[in-house]
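A.B. asks: Residues per chain are reported as follows:
Number of protein chains: 2
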Amino acid sequence: MADGGYEKEVQVMKSKLLKQDIMKAIHDLSQFGQDECGGLTRLLYDEHWVAAQRHLKMSMEEAGLNVHFDAVGNLYGSAKGSRYQDQTILIGSHIDTVKNGGIYDGQYGIIAGLLATAHLKKHFGDPVRNIEVVSICEEEGSRFPYVFWGAKNVLGLGGKEEVLNIDDESGISFVKAMQGAGFDFCDEKTPPRTDIKAFLELHVEQGCVLEKQKKSLGIVEGIVGQRRFTVELTGESNHAGTTPMSYRKDAVHAAAEMISKILQRCREHGDPLVTTVGRIDVKPNVVNVVPGQVEFTIDTRHPDRKVLEDMTKDIREIISTVAVCFDVDYCLDMWMDENPVPMDNALTKIIETECIRNGVDYMKMYSGAGHDAQLMAQHVPTALIFVPSHRGISHSPHEHTDGEDLAMGVETLIATLYELAYKDEVKGIQVTA
Amino acid sequence: MADGGYEKEVQVMKSKLLKQDIMKAIHDLSQFGQDECGGLTRLLYDEHWVAAQRHLKMSMEEAGLNVHFDAVGNLYGSAKGSRYQDQTILIGSHIDTVKNGGIYDGQYGIIAGLLATAHLKKHFGDPVRNIEVVSICEEEGSRFPYVFWGAKNVLGLGGKEEVLNIDDESGISFVKAMQGAGFDFCDEKTPPRTDIKAFLELHVEQGCVLEKQKKSLGIVEGIVGQRRFTVELTGESNHAGTTPMSYRKDAVHAAAEMISKILQRCREHGDPLVTTVGRIDVKPNVVNVVPGQVEFTIDTRHPDRKVLEDMTKDIREIISTVAVCFDVDYCLDMWMDENPVPMDNALTKIIETECIRNGVDYMKMYSGAGHDAQLMAQHVPTALIFVPSHRGISHSPHEHTDGEDLAMGVETLIATLYELAYKDEVKGIQVTA
Numbered sequence: 001m002a003d004g005g006y007e008k009e010v011q012v013m014k015s016k017l018l019k020q021d022i023m024k025a026i027h028d029l030s031q032f033g034q035d036e037c038g039g040l041t042r043l044l045y046d047e048h049w050v051a052a053q054r055h056l057k058m059s060m061e062e063a064g065l066n067v068h069f070d071a072v073g074n075l076y077g078s079a080k081g082s083r084y085q086d087q088t089i090l091i092g093s094h095i096d097t098v099k100n101g102g103i104y105d106g107q108y109g110i111i112a113g114l115l116a117t118a119h120l121k122k123h124f125g126d127p128v129r130n131i132e133v134v135s136i137c138e139e140e141g142s143r144f145p146y147v148f149w150g151a152k153n154v155l156g157l158g159g160k161e162e163v164l165n166i167d168d169e170s171g172i173s174f175v176k177a178m179q180g181a182g183f184d185f186c187d188e189k190t191p192p193r194t195d196i197k198a199f200l201e202l203h204v205e206q207g208c209v210l211e212k213q214k215k216s217l218g219i220v221e222g223i224v225g226q227r228r229f230t231v232e233l234t235g236e237s238n239h240a241g242t243t244p245m246s247y248r249k250d251a252v253h254a255a256a257e258m259i260s261k262i263l264q265r266c267r268e269h270g271d272p273l274v275t276t277v278g279r280i281d282v283k284p285n286v287v288n289v290v291p292g293q294v295e296f297t298i299d300t301r302h303p304d305r306k307v308l309e310d311m312t313k314d315i316r317e318i319i320s321t322v323a324v325c326f327d328v329d330y331c332l333d334m335w336m337d338e339n340p341v342p343m344d345n346a347l348t349k350i351i352e353t354e355c356i357r358n359g360v361d362y363m364k365m366y367s368g369a370g371h372d373a374q375l376m377a378q379h380v381p382t383a384l385i386f387v388p389s390h391r392g393i394s395h396s397p398h399e400h401t402d403g404e405d406l407a408m409g410v411e412t413l414i415a416t417l418y419e420l421a422y423k424d425e426v427k428g429i430q431v432t433a
Numbered sequence: 001m002a003d004g005g006y007e008k009e010v011q012v013m014k015s016k017l018l019k020q021d022i023m024k025a026i027h028d029l030s031q032f033g034q035d036e037c038g039g040l041t042r043l044l045y046d047e048h049w050v051a052a053q054r055h056l057k058m059s060m061e062e063a064g065l066n067v068h069f070d071a072v073g074n075l076y077g078s079a080k081g082s083r084y085q086d087q088t089i090l091i092g093s094h095i096d097t098v099k100n101g102g103i104y105d106g107q108y109g110i111i112a113g114l115l116a117t118a119h120l121k122k123h124f125g126d127p128v129r130n131i132e133v134v135s136i137c138e139e140e141g142s143r144f145p146y147v148f149w150g151a152k153n154v155l156g157l158g159g160k161e162e163v164l165n166i167d168d169e170s171g172i173s174f175v176k177a178m179q180g181a182g183f184d185f186c187d188e189k190t191p192p193r194t195d196i197k198a199f200l201e202l203h204v205e206q207g208c209v210l211e212k213q214k215k216s217l218g219i220v221e222g223i224v225g226q227r228r229f230t231v232e233l234t235g236e237s238n239h240a241g242t243t244p245m246s247y248r249k250d251a252v253h254a255a256a257e258m259i260s261k262i263l264q265r266c267r268e269h270g271d272p273l274v275t276t277v278g279r280i281d282v283k284p285n286v287v288n289v290v291p292g293q294v295e296f297t298i299d300t301r302h303p304d305r306k307v308l309e310d311m312t313k314d315i316r317e318i319i320s321t322v323a324v325c326f327d328v329d330y331c332l333d334m335w336m337d338e339n340p341v342p343m344d345n346a347l348t349k350i351i352e353t354e355c356i357r358n359g360v361d362y363m364k365m366y367s368g369a370g371h372d373a374q375l376m377a378q379h380v381p382t383a384l385i386f387v388p389s390h391r392g393i394s395h396s397p398h399e400h401t402d403g404e405d406l407a408m409g410v411e412t413l414i415a416t417l418y419e420l421a422y423k424d425e426v427k428g429i430q431v432t433a
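First to last, the sequence lines map onto chains U and E. The first sequence begins at 1 in the UniProt record's numbering and counts up one residue at a time. The second sequence begins at 1 in the UniProt record's numbering and counts up one residue at a time.
I should point out that these hints are in silico values taken from the structure, not numbers from a laboratory. A few of these clues could be false.
[Stated by the list, open to error] Below 20 Å or equal to it, Euclidean Cα-Cα: the simulated EDC-like pairs (lysine to aspartate or glutamate) are:
#1 K283/E to E295/U
#2 K261/E to D327/U
#3 K249/E to D70/U
#4 K283/E to D281/U
#5 K212/E to E236/U
#6 K249/U to D271/E
#7 K249/U to E211/E
#8 K283/U to D281/E
#9 K249/U to D327/E
#10 K283/U to E295/E
#11 K212/U to D327/E
#12 K261/U to D327/E
#13 K306/U to E338/U
#14 K212/U to D402/U
#15 K212/E to E61/U
#16 K249/E to D271/U
#17 K212/U to E236/E
#18 K121/U to E61/U
#19 K249/E to E211/U
#20 K57/U to D28/U
#21 K283/E to E295/E
#22 K80/U to D70/U
With the sequences and hints as input, model every part of the structure.
C.D. replies: See below:
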């Protein structure tokens, strides 16, 4: 199939169908889980989740895909390859939502995969290797205290022991919820899949970078590493009127100085380093008592582990220096240390080439948030594509992405899938037989 | 009566009785209101309060004083003057406690007055003008949302309308509680007292200045003025991973910078200015969200109103400058503005002279906390004497003052009362007929 033909088709599609198709598909799928606050609440294995997966199954069947669920409830729809049936290009994202979330987070990536595959099949027939769309059962961790249950099972990495004894807020066990939705644990004798040659995820940015930079699309180079700390300061609670400043061990004054210096240090370092002090708890927290105790958190992220290590050193140095200065004791606990996860270079390059060829106004960027791609990338070549989030709002009913941008994402996916699944050889990717 | 005789007596007393007398009297009175946490909880008009006042009444009677309650429950025991019965030197403090308070706050001042008066009567006979010991019914405001009910009624200043519709935590009305204890509102036709020529209060410092300065006694020059503010900052809640630093409106970063600068400014100004940020509330207060809202309080105190005005200007300037810098909106609300209250110069001077004469290692200081003396000083010449609080701890079962210091306070009170009530003329005080 010649490139000229493909490009012509894309033009036709752009002008006619794609935007409406996407909007309609998202609207249809958003019936399942509408909550009273105008958002989507569709939690792993609940009735809305079951209904959404059933709806998607039907849509996949209508698109002529071979459809099946795996044991735990990941839904797959595949267009079988004509030549290399042991090679699969996997595309998709997660079907679950946070509580009172938006209609783009997760499900946009599934719909994009489905529409792209349907489009390619319709216009170009069967691919040379399998294209498989996956609706991943869980990513948000919003019902049970566990994340990436879906992606882990896509890869055959189980996680059974870790969910055996966890319950949701109302006391329903993970196992009971899963069985109630008609699923159960994978047969552990099933060997992990070896056919996945690439995983592509299309997702809303959940940040404001693309919008601020006036770009339609982001090609993610990597997902940032992340460290989280809790800082406990112990000074001395005193009467706010009777304790001269020089006799105080004021935990709030010390905390303010630390927070101010740490965030300033982060700003001085520059993008893409981000640092957040999101939680502060003061004791006793009353107007007329010099506070004896403060606890606050630090969350710092960067795509380069070395930078995170340097920032950690800076944090330690600032805290120890200020603590001495204000005569307070401190305890600094690093309770999360996640490595950065780079996306696959060759895949990223293919997407970039397609963007240039199709005149997409893209930028390369990092993802500051976790995604299924973060788990997948550690096992198979993975790429992650962002479309803009209006004002960066996410995990909210106010989440919004313009139709044009949604379409631009799917077009880019189509162009990329064409390269990956319709050609015998793909530069940089081990796909040929 | 010659000074020589008095001094001899004081020496005898010091070596023999006073310390034990005070300790025993405090111990006896502390039976009433012992709580399960090892502290004193004796709230206005409760059963323990009634029992404590009855016990004190008996002690006063045993000391040969003429005893009576006023309508609202202030208890008075007086040694009638032999010459000037229209002139009264009033001494005392409050009988109520905070919840789970210590055994010195308040009641020490009543016992000190009682012991001093009994001592003087025993050794020197009747004073030339009345000495009256008062057990003030309420100062802490720990049962009902109202303070200085006792002192206001000592002065005939009522406050009836303000307590008519207030309840305690369990819904019992102020009026019902008062009537249950056997009291009622004052007859409003009773004219305010004009006989009080001086009010003396002896109290624990509730701060650590005397202990740090290794002084046995503090002569209070004035009670600080006090301003309280609430600062509300509104930035923008954002994803901690996907929002670059330069796109943030981080209310915590702004608050940290403000708090740090305000407290630093206060330290630079020097004693006795104190400033406290006691309460911080962050929203949404989770580790991985850039906080969009912060509310914090500021409490600032100084004996000179001009300094408080200057500090207020500084606070406003810091907040407005930092808010612009961090692109957050702010609202600064000053909801308390209490004037400083100076103690009476002449009385303070008399106490100082007595301290020097008796070799008391005293210092002059300000009170950062409110006391009955704060209300009284606005109407009658008033003096306030502090004894040290171990480690500045107060409003706690761990409140402690050494027996020697307790005795030193009473000795100073005796010496001062002798000057005020046993002599026809007192320098600087309008007491002669």
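A.B. asks: Please go over all the hints and tell whether each is borne out by the structure.
C.D. replies: These are the hints, each one checked on the structure:
| no. | hint | result |
| --- | --- | --- |
| 1 | K283/E to E295/U | holds (15 Å) |
| 2 | K261/E to D327/U | holds (18 Å) |
| 3 | K249/E to D70/U | violated (44 Å) |
| 4 | K283/E to D281/U | holds (11 Å) |
| 5 | K212/E to E236/U | holds (15 Å) |
| 6 | K249/U to D271/E | holds (16 Å) |
| 7 | K249/U to E211/E | holds (16 Å) |
| 8 | K283/U to D281/E | holds (11 Å) |
| 9 | K249/U to D327/E | violated (31 Å) |
| 10 | K283/U to E295/E | holds (15 Å) |
| 11 | K212/U to D327/E | holds (17 Å) |
| 12 | K261/U to D327/E | holds (18 Å) |
| 13 | K306/U to E338/U | holds (12 Å) |
| 14 | K212/U to D402/U | holds (14 Å) |
| 15 | K212/E to E61/U | violated (82 Å) |
| 16 | K249/E to D271/U | holds (16 Å) |
| 17 | K212/U to E236/E | holds (16 Å) |
| 18 | K121/U to E61/U | holds (13 Å) |
| 19 | K249/E to E211/U | holds (17 Å) |
| 20 | K57/U to D28/U | holds (13 Å) |
| 21 | K283/E to E295/E | holds (9 Å) |
| 22 | K80/U to D70/U | holds (17 Å) |
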